[in-house]
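> Mind docking chains U, H and L with the ligands on chain S? Use the hints.
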Amino acid sequence: MKVGVVTFPGTLDDRDAARAVRFAGAQAVALWHADSDLHGVDAVILPGGFSYGDYLRCGAISRFAPVMQTIITRAGEGMPLLGICNGFQVLCEAHLLPGALTRNSELHFLCRDQKISIENNKTAWTSSYSQGEEIVIPLKNGEGSFQCDDATLARLEGDGRIVARYVGENPNGSRNLIAGITNERGNIVGLMPHPEHAIDSLTGPSDQGLGFFTSVLTAMVNK
Amino acid sequence: MSLDTVDLAKNSPTQVQPYAELGLKEDEYARIKEILGRRPTSSELAMYSVMWSEHCSYKSSKVHLKQFGDKAVKSDALLVGIGENAGVVDVGQGYAVTFKIESHNHPSFIEPYQGAATGVGGIVRDILTMGARPIAIMDPLRFGPADAADTKRVLPGIIAGVGGYGNCLGLPNIGGEVVFDETYIGNPLVNALCVGVMRHDQIKLAKASGAGNLVVLYGAKTGGDGIGGVSVLASETFGSTGPAKRPAVQVGDPFVEKVLIECSLEIFAEDLVVGIQDLGGAGLSCATSELASGGSGGMKVELDRVPLRDPSLSPEEILMSESQERMCAIVEPRNIARFLEICAKWDVTVTVIGEVTDGERLEITWHGDLIVDVPPRTVAHEGPVYDRPLAKPEYVDRVNAEILSLPMPSTDEGIKEAILKLAGTPNLADKSWVTDQYDKYVQGNTIQSQPDDSGMVRIDENTHLGVAVATDANANWSYLNPYEGAKLALAEAARNIATAGAVPLAVTNCLNFGSPEDPGVMWQFAETVRGLADGCLEMGLPITGGNVSFYNQTGTVAILPTPVIGVLGVIDDVRTRTPMSFDRAGLDLYLLGETHEDFAGSEWAYMHNQRGGQSPVADLQMAMRLNTLLVAGRTDKLFVAAHDLSQGGLAATLTEMVLRKNVGATITIENTATTLLSETPGRVVVAINPSDKQTLIDLAKKHSIVINKIGTTGGNQLQVNNVTIPLDLLRTEHTQTFPQLFGR
Amino acid sequence: MAKIVVDVMLKPEILDPQGTAVAAALPRLGFSFAQSVRQGKRFEIEIEGEPTVEQLAQVEKAAETLLANPVIETFTVRVEK
Amino acid sequence: MAKIVVDVMLKPEILDPQGTAVAAALPRLGFSFAQSVRQGKRFEIEIEGEPTVEQLAQVEKAAETLLANPVIETFTVRVEK
Ligand SMILES: Nc1ncnc2c1ncn2[C@@H]1O[C@H](COP(=O)(O)OP(=O)(O)O)[C@@H](O)[C@H]1O
Ligand SMILES: [Mg+2]
Chain S
1 MKVGVVTFPG
11 TLDDRDAARA
21 VRFAGAQAVA
31 LWHADSDLHG
41 VDAVILPGGF
51 SYGDYLRCGA
61 ISRFAPVMQT
71 IITRAGEGMP
81 LLGICNGFQV
91 LCEAHLLPGA
101 LTRNSELHFL
111 CRDQKISIEN
121 NKTAWTSSYS
131 QGEEIVIPLK
141 NGEGSFQCDD
151 ATLARLEGDG
161 RIVARYVGEN
171 PNGSRNLIAG
181 ITNERGNIVG
191 LMPHPEHAID
201 SLTGPSDQGL
211 GFFTSVLTAM
221 VNK
Chain U
1 MSLDTVDLAK
11 NSPTQVQPYA
21 ELGLKEDEYA
31 RIKEILGRRP
41 TSSELAMYSV
51 MWSEHCSYKS
61 SKVHLKQFGD
71 KAVKSDALLV
81 GIGENAGVVD
91 VGQGYAVTFK
101 IESHNHPSFI
111 EPYQGAATGV
121 GGIVRDILTM
131 GARPIAIMDP
141 LRFGPADAAD
151 TKRVLPGIIA
161 GVGGYGNCLG
171 LPNIGGEVVF
181 DETYIGNPLV
191 NALCVGVMRH
201 DQIKLAKASG
211 AGNLVVLYGA
221 KTGGDGIGGV
231 SVLASETFGS
241 TGPAKRPAVQ
251 VGDPFVEKVL
261 IECSLEIFAE
271 DLVVGIQDLG
281 GAGLSCATSE
291 LASGGSGGMK
301 VELDRVPLRD
311 PSLSPEEILM
321 SESQERMCAI
331 VEPRNIARFL
341 EICAKWDVTV
351 TVIGEVTDGE
361 RLEITWHGDL
371 IVDVPPRTVA
381 HEGPVYDRPL
391 AKPEYVDRVN
401 AEILSLPMPS
411 TDEGIKEAIL
421 KLAGTPNLAD
431 KSWVTDQYDK
441 YVQGNTIQSQ
451 PDDSGMVRID
461 ENTHLGVAVA
471 TDANANWSYL
481 NPYEGAKLAL
491 AEAARNIATA
501 GAVPLAVTNC
511 LNFGSPEDPG
521 VMWQFAETVR
531 GLADGCLEMG
541 LPITGGNVSF
551 YNQTGTVAIL
561 PTPVIGVLGV
571 IDDVRTRTPM
581 SFDRAGLDLY
591 LLGETHEDFA
601 GSEWAYMHNQ
611 RGGQSPVADL
621 QMAMRLNTLL
631 VAGRTDKLFV
641 AAHDLSQGGL
651 AATLTEMVLR
661 KNVGATITIE
671 NTATTLLSET
681 PGRVVVAINP
691 SDKQTLIDLA
701 KKHSIVINKI
711 GTTGGNQLQV
721 NNVTIPLDLL
731 RTEHTQTFPQ
741 LFGR
Chain H
1 MAKIVVDVML
11 KPEILDPQGT
21 AVAAALPRLG
31 FSFAQSVRQG
41 KRFEIEIEGE
51 PTVEQLAQVE
61 KAAETLLANP
71 VIETFTVRVE
81 K
Chain L
1 MAKIVVDVML
11 KPEILDPQGT
21 AVAAALPRLG
31 FSFAQSVRQG
41 KRFEIEIEGE
51 PTVEQLAQVE
61 KAAETLLANP
71 VIETFTVRVE
81 K
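So the sequence lines, in the order shown, correspond to chains S, U, H and L. Read in order, the letters of the first sequence are residues 1 to 223 in full-length UniProt numbering. Read in order, the letters of the second sequence are residues 1 to 744 in full-length UniProt numbering. Read in order, the letters of the third sequence are residues 1 to 81 in full-length UniProt numbering. Read in order, the letters of the fourth sequence are residues 1 to 81 in full-length UniProt numbering.
I should point out that these hints are in silico values taken from the structure, not numbers from a laboratory. Keep in mind the model is a prediction, meaning the values are calculated, not measured. Hints are supplied without guarantee of correctness; some may be wrong.
[Claimed, not checked] The calculated lysine-lysine pairs, modelled on DSS-like cross-linking and capped at a C-alpha distance of 30 angstroms, are:
id, chain 1, residue 1, chain 2, residue 2
1, H, Lys-61, H, Lys-11
2, U, Lys-33, U, Lys-66
3, H, Lys-61, U, Lys-345
4, L, Lys-61, U, Lys-152
5, L, Lys-41, H, Lys-3
6, U, Lys-59, U, Lys-74
7, U, Lys-66, U, Lys-25
8, L, Lys-61, L, Lys-81
9, H, Lys-61, L, Lys-3
10, L, Lys-41, H, Lys-61
11, U, Lys-661, S, Lys-115
12, L, Lys-61, H, Lys-61
13, U, Lys-10, U, Lys-300
14, S, Lys-2, U, Lys-345
If we strip away everything but chain S, and leave its shape as in the complex, we get:
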């Protein structure tokens, strides 16, 4: 079972994502932004960071990387694809997911332990959780406020495509407390908080993030 982890220039959490994949029992394969070959992986993670410095808009430039063109095709065919933080931003910029991530309402970078609830445990990345399960994983970003128009929001809510929601006070101004969403098929998930930093309570606030990575193994086995 191979899970690809993409490195763009400026990606930071690639090693963490690879470690999480290994913890879950799969093989992590490093993918390079300029190489359009996916090297036989069964799923892909776009990890967090500041790809290309995130100077223009987060994820705006990475979206055009050669590796993304193959990923977009494969994800269209059903390959599981998880975008964490900057990866989520890339997925929105690439229009694989609706909406956009904008500046936090408090205007500064925010790193804290965040409680979220799993609102949809039917996706390729959340099946290890029970519906409504609450977990604590790190949230850390400057532009994590999910925004979209009313029609899109109604559609996301109506179709059960909200994957995770912040619990308690809204940390960044996201509409409807959205922390993560999925596409219609449920194979593509974008998530603002960082499950890869919560796979071991020695180095994270909990080990409750591991479920995202074990979920995808189940999804690939049941394919």
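Below, chains U, H and L with the ligands alone, put in the same frame as chain S:
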């Protein structure tokens, strides 16, 4: 502007040069002429002037810093000592760790965000230059009063800058300091520390050896950053219409630095460099002269090959530019193709600008004309040395003689109020407002960070080997007694390491002072260095490097002497560290160490505007015994929790402990006000299982440390004798200060 | 040498925390003129010679695909001076 | 209702990492028109009625103290339409 060449200099010996405007003294200028046997060219003058500046040459501090070498203990752990970009220590299992602090005080006052950001960028490059992967940063900061208008401008910008740069580099921030005092109002201190790790055989040095090897410049293009002084030279000597306006501040590009780090590490992994140097203060002047001086031969550089961001730059300006995110490497010709290939992979600009020669000169040409021809050592390592006059300032005896008259709470209500006030005072209040802007999780190895006593990172995922780092300065004590102040800061930083159970191993420092031309400041500095050198000798800890920042003053008012001391420790298994707080009821709390009436320089005195009295005297023998006890207790799994006492005394320590995991405590003590508020150094609170009592008593006896049981854990309040403070109230007091001052 | 300016603003219905923060800061500093503030981005692009129709079409294209995100932003392109 | 626009740009001699990143991305996407790109901020300020001379002076003042940092940035103030 015409080009000043070596030939021209030979033929126009009487040409008037603006050495004074460049900060050179008359005798310094004379010495340059003596070294060269002629007047310097404008480019040479530019190089000497920046390299002989206080910042680069340590001309006022050298005579004192020598003690760090002279008094040093021989340490087997020291792999690279003072003099290189950063010292390197052996932490076992084949790993070497490098760490260093640097200041970026003045730029951060002018442009807080960029000043702080480029401060982080600079220290990270120093660590990278040693061949190490940077793994963590810390940021000891000082500001004017928390409620001062300018602090509201400066602090948020500095915090955002430290975070903006460090977060983008993917470096966890594992600690720092935020301290307020009115002497920093026009002169905030931004010190930044970086830790890096490598295998022993990967250590790199700034040496250009091997004739025929190539000098390679890579990273950002060169712009006109930070060369104000040299513009003087360009305009005044050469009578043109004057240079283009050059930026007063440097702007950093953390993305470029992140790519530079990954690119460099890939280059190091393939062993493609003979020597390497980052470009920091004094830019190319520093890098080329230090590389050549550290190596065996000379060097030839074709300056016109340097890629420019601003094509109008003159050669003098290119030599001086402090553009960020640049590195200079010495590469054997057979490796250059691969070197260029790796740079191409990371999209990093790279240019061969020269080569190592078997001569003894540093020769720089501009489109074929020789503009610099100097012995590199005279630029890099043989600058002027001053033994500046020093005199004990008048204030010292006066304030030492003052008898403090502090209001000491005697009623239950008064005790409660004191605890709450201390919990909320800006110097002791919760710093999450700051650290929530810093990524502490990236790289997945952070074991401890704010609010723990020290930062701790794992360096091996399989063996769980880790390092801990703490920085400390107590400027109030240093003001009263700089000699003891330095020792006390050293002891405190080491104790912060040992509290978690790590073994202190090495020391770095950043000495922030006023003007060295003031004999009183110079005395403070000399006493500090003497104290630190004596302290390190006594504690058996080598100093691996550091930084001196002078001229920190507003008008004639100097900042408090602020020696920030960083201590690095090693822990063989991070899983066994002692956490700073307890997560359950039913434990016994003990206070290790004696408490005296030590209020001079305390937070309680500061809150009551009292600056006088005598600082405590450091008992380093006791400090070492306590550290040994703390490490032994960790190894024996005796401690459930341990937390150091420092500013705010026992009151602050208890507040932090009960709030950390939201488990209260019931404390029974005598002499309540003094026990709670005194800041006698060398104390720690530990939590143990009641059944381990005898083990603790035996351990304390063995190491001759006084212990007192002070209470038990549990409940949702902090109870001190008859005083009850609900945790919620305590938390509100502790956490609301920063949001109230600086917004949400 | 001509300068093409691309202005990018958040759509009116999208929350603009930066603009809001500026609007809140102004009265605190004693400035009372603003009813509302929105903050956007300005790109100054230098091109060689006078811009051709084709080039301007290219800039439009670049603005649409890269400089602005049409999901949340609008943009205008103009030649300056 | 009038709109005052304040454009804030980094001074030409100051490094502009944002503009540099855009300039580098454009050719990768097949856009070749740009010689250089600088990125700045645009503030749109709405005021009631036509702006008075006094108000404009106030905006200048606000731009200088809040919207721009004169150490590294320049700004222009103008009334739009
Ligand atoms: N306070 C100090 N204590 C010990 N070493 C110091 C101190 N200040 C400077 N040094 C050492 O002097 C050398 C030169 O310092 P510096 O010019 O700041 O280095 P760099 O140019 O690499 O930043 C370094 O090895 C540094 O560690
Ligand atoms: Mg250096």
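> All hints are to be evaluated individually against the structure, with a verdict given for each.
Now the hints, each set against the structure:
{"no.": "1", "hint": "Lys-61(H) <-> Lys-11(H)", "verdict": "19 angstroms, holds"}
{"no.": "2", "hint": "Lys-33(U) <-> Lys-66(U)", "verdict": "28 angstroms, holds"}
{"no.": "3", "hint": "Lys-61(H) <-> Lys-345(U)", "verdict": "28 angstroms, holds"}
{"no.": "4", "hint": "Lys-61(L) <-> Lys-152(U)", "verdict": "19 angstroms, holds"}
{"no.": "5", "hint": "Lys-41(L) <-> Lys-3(H)", "verdict": "16 angstroms, holds"}
{"no.": "6", "hint": "Lys-59(U) <-> Lys-74(U)", "verdict": "26 angstroms, holds"}
{"no.": "7", "hint": "Lys-66(U) <-> Lys-25(U)", "verdict": "24 angstroms, holds"}
{"no.": "8", "hint": "Lys-61(L) <-> Lys-81(L)", "verdict": "22 angstroms, holds"}
{"no.": "9", "hint": "Lys-61(H) <-> Lys-3(L)", "verdict": "27 angstroms, holds"}
{"no.": "10", "hint": "Lys-41(L) <-> Lys-61(H)", "verdict": "21 angstroms, holds"}
{"no.": "11", "hint": "Lys-661(U) <-> Lys-115(S)", "verdict": "16 angstroms, holds"}
{"no.": "12", "hint": "Lys-61(L) <-> Lys-61(H)", "verdict": "37 angstroms, violated"}
{"no.": "13", "hint": "Lys-10(U) <-> Lys-300(U)", "verdict": "20 angstroms, holds"}
{"no.": "14", "hint": "Lys-2(S) <-> Lys-345(U)", "verdict": "25 angstroms, holds"}
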